[in-house]
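**Student:** So you can see what is in the structure, the chains are spelled out below.
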Amino acid sequence: MNNRQSITSCGCSIERLLRQEESYIFITGAQKQSDTPAGKTYIAYSIRISDTETKRRYSEFESLRRALSRLHPTLIVPPIPEKHSLVDYAALQTRVKDDLPMIEKRKRMLQTFLNRVASHPELGRDHVFHRFLESGVAWSDVLHSPPLSQLPKNPLQMVVSKEANVQAHKYNMVLSSNLIPIPSATYVLKSPDPRFEESEKFTFRIANYMSNNLDKSQRKVIRRLGELANDYAELGAVYNGFSLNESGSVANAIEKIGQAVDASYTESAQMVTSLEGEFAEPIQEHSQFAHIVKQVLRFRHLKHAQMEMIESSLENKKETLESLQRMEGEARRLEEAISRERTIGRNAVDIDELNNNRNNHDGLEDMNDPNEIINDERQQQEEENGYHHSYGNNQNGIVSPTTTLHSNMDASYPPKRSSKAWASPVKMINAMGHSLQNIIDVDPEATRRNQIGKTKDAMDVLQEALEITRKDLSGSSTELQKELDRFQKEKIKDLRDMLIAYAKIHIRYCQKNLESWQEARAEVDKIAI
Amino acid sequence: MSDEYENVEWNVHATSDAYTPQVEGDDPLSAFSSSNGYQNNNDNNNVGQMKGFMSINGHHDNSPSSPTLPTTPSFMPTINNGSQTTAIKSATTPTTSLPTINGKENDIATSSSSPSSMIPDTHYTNSSTPDNNHYPYQKSPFSTTSGSSSSFPSEPFIAKPMVISIADPQKHTDGAQGTFITYLITTITSLDTFASAQPRSVRRRFQDFVWLHNALLLEYPAAIVPPLPEKHRLEYIKGDRFSSEFIDRRKMSLQWFLNRIARHPEIQRSQSVRVFLESGDFRNDKRMQSRKVPPAASVLDTLSDTLLNAFSKIKKPDERFVDMKETVDKLEDNLNTVEQLYSRIGKRQSDLQQDYTSFGQGIQGLSTLETGISKQLQGFADVTEKYEKAMKKMNHDEDLLYLNDVHELLAYCHAAKTTLRARDQKQLDFEELSAYLDRTRQERERTMHPGRHLDGGVNISELVTDKINEVRGIDMVRARREKLVRLERKIKELESEVANANDESNAFNKQVIKEFELFQQAKTEEMKQGLVAYADSHIKFYETGVSIWESILPTLESIKIEDGHKEDEGDE
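So the sequence lines, in the order shown, correspond to chains E and R. Residue 1 is where the first sequence starts when you use full-length UniProt numbering, and the numbers rise one by one after that. Residue 1 is where the second sequence starts when you use full-length UniProt numbering, and the numbers rise one by one after that.
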């Protein structure tokens, strides 16, 4: 609750306007404009709320929508009208901008978009949105200032929920760490949330159904009505001509019939327009909505995946650390043994040799352990795209633990074998050992310690990230669930309104036609026989 | 001779025209006398003028080579509807080859007026046999028409109440005749031609209608005989010939036919109609009646005459009939346009129905997804389906009651035009005869005053003929006298023919005028009927539309949107 209110109180003038009773955003006009006299023209839509007016073009609406969905990946940001299809471009070429019905349709749908955003409990309170409505604000400035400029490229690199007690909707240092795995969309959740699984399935079916079935079939009805309207126009003209060739009451009757048919034409055309605006467009919107819901659910899925991956990589780190610590312990024991031998009076070369031996021993004894780690790591690297890469890059300055571990282990095999081959000639081994040490690792002890330190650090980061993500996931899941519920209600309300509008449009159509045909009928009755 | 013409009614040519003879003016020939002059031109005709006629007849008495012929009284050239074109054509079609008109009274019994059967015989066996049939197919018409016009003028040209209804189609299967449908036809009328005023019912099949239609065509050539539905209207073929759809439509069209008969003051009294509607032994009565009704002119006869006349034009069109034709043409055009447009609209409407159906199914599908409001969505889908059904019903009614009406009216227009053409033919006959009479008179003038030429010049061919005759040593004076006698007789015959044709034409005109009034009346009535059905089908649809869409509103409004406590929370 507290968190939410923190968002709501930007208190700007637009915010106040929006919070007024009965506030409604209108798109009052669409003008062709051009920034430079010779430049490309575009359509600027005049947006008016109360007495504040500003002009935005379609691409700005597009970027507003994108910005809002980047800021709020768990919210269902209303759709804007689709871009012109390629077919439209092919058919109309450059005249698309002059296509009045298209512009009118966009006006209507953009207006719906703005009002849907405004009435959204959270999006409507977003200051970015307010800035969009504010007059005299260059949209590009908004895009290049916080919070939009602070957004990470990947929405997973920020916190979206208020539950995490971290500043939300902003580039998050912890989550942006290279240690944090980025899941792929195909990641299969280990413990999926049944609620959202259901939602996903449902949304998927609705999305398909809306766009493939309902939208198509109602479009067909509208198109056919339009064609029929034209036929009626023609028929009305025919009757009119017919009446001129007749006389008396027959002429009057035919004329009236012609007028009734003309009325059918007018009414059909009117019905087409009404259905277009009050039914077809909302259906299209909801077909778009369904896809948006899919995206939001996918985001949650990724968030969940991210959490699971953080968990598992934390697990891995833990294992790595354990094995490193085991090695460390082992090394310490050896060192103790060596120091005991030193007191007996061995030279440094022997130490080296022993060291080598120790390595060999280590190799032989703990061969399984490190190997598993390597395998694990490799698997993990395969799973977590780019993880290893960025990981490695980051640690470039120091020695990458993984790389070190690898080279260490890989490099330690040959000595082991060679030590077996040249077991007795100590000098040979010494030479080998030296050169190997020089090539591979200057100081394995330091490296290992370094590794342990790094792993511990990484574990800290992961631990913190896991905390955040876990909270964020649970918070955003709850919010998402609320959002989905809210949206479902909105959808039902829209559906209800659409269906009522559909029925009312038909009632009106039938009534109007009924009247004109009744008039015609009365005139026909006057024909004297 | 002008005296004789004084008695003649020249209705057809009420206005003066130089070409056709006029009673009121001078001798109709005066025009020609002045132009053709009174040249003493021996007994030779103006060969150039007559050649067209003579040559095809094959017995040119007045050609120089056949000087003896003039004595034969039957040499008369045929005077068909006169134009050369016609005549030439007729030479190739024996049935239409034209009977000579040897000035007999042409008012012979109807039974003898079957030209197609008689004429060829008389004409070919002995071309000189006087034949009183000029226009075979018009002969009988005229006599009938004149008969009826004599019996009717006194009474108002109004039909007596008569209701004929057709119902209950039944399928019969007969070994010999195959499968056919009969309809129950019930007549209620007070007409005295019928046995009683009680309703009586008979069963008739389509073939019987065809018989009646043909009988009426023969009996009333000047009437606009109601057309029968086409045997196979394209739409009919869509289905089985015995499908209920086909039978219903045919029944409907036959009802139109019967209505039109019942409305016609003359046709309703026809014996053929009576037999058709009343006879309990139709097969026999039909045969009896067929004998009374003049047998149909052979199809070829009628057809070729019509075709032939298509080439000749009326010289003096009568505005009244021109107007009539124009009226019918316009009506036909308009009806045609409506019919054509509807063939497209009908298709579109049925497409729209399909679209509504699939939309309804779409909503229904949604009801299985949006389980919260599935009941309401289902209700909406049902309403959409009902709406689609209502639309279908409207289109069906529109088609059956209005477009059929339009179609039947179109057929009636065709019938009216056929009658108007027949009338034109009558006038054409008269005009041709008159023209021929004029030419004959001219010839007489020339024979009486040989040598004189129209413009003072000398008619070369006549001169040559005269010379030849002189050379042959023919007695010019005697030949001329003979020719004059012959011409005189010919003129007499022609005058009588012209008078006759005039009578016929006038009577035909009168009948057609009455017929046209009837037609207009019937048209108005049928238009009204059709338009009423048209308007009603729409009214019914829109009424249904309003009520079904209104019925779903409460259901839709009942969709509860649970209180949006989320928004409330946010607001507080």
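Bear in mind the hints are in silico, worked out from the structure with no lab data behind them. Keep in mind that the hints are not guaranteed to be accurate.
[Unchecked claim] With a straight-line cut-off of 30 Å between C-alpha atoms, the simulated DSBU-like cross-links for lysine-lysine are:
| hint | chain 1 | residue 1 | chain 2 | residue 2 |
| --- | --- | --- | --- | --- |
| 1 | R | 393 | E | 220 |
| 2 | E | 504 | E | 526 |
| 3 | E | 216 | R | 386 |
| 4 | R | 160 | E | 220 |
**Student:** Give me the numbers of the hints this structure contradicts, sorted from smallest to largest.
**Tutor:** 2 and 4
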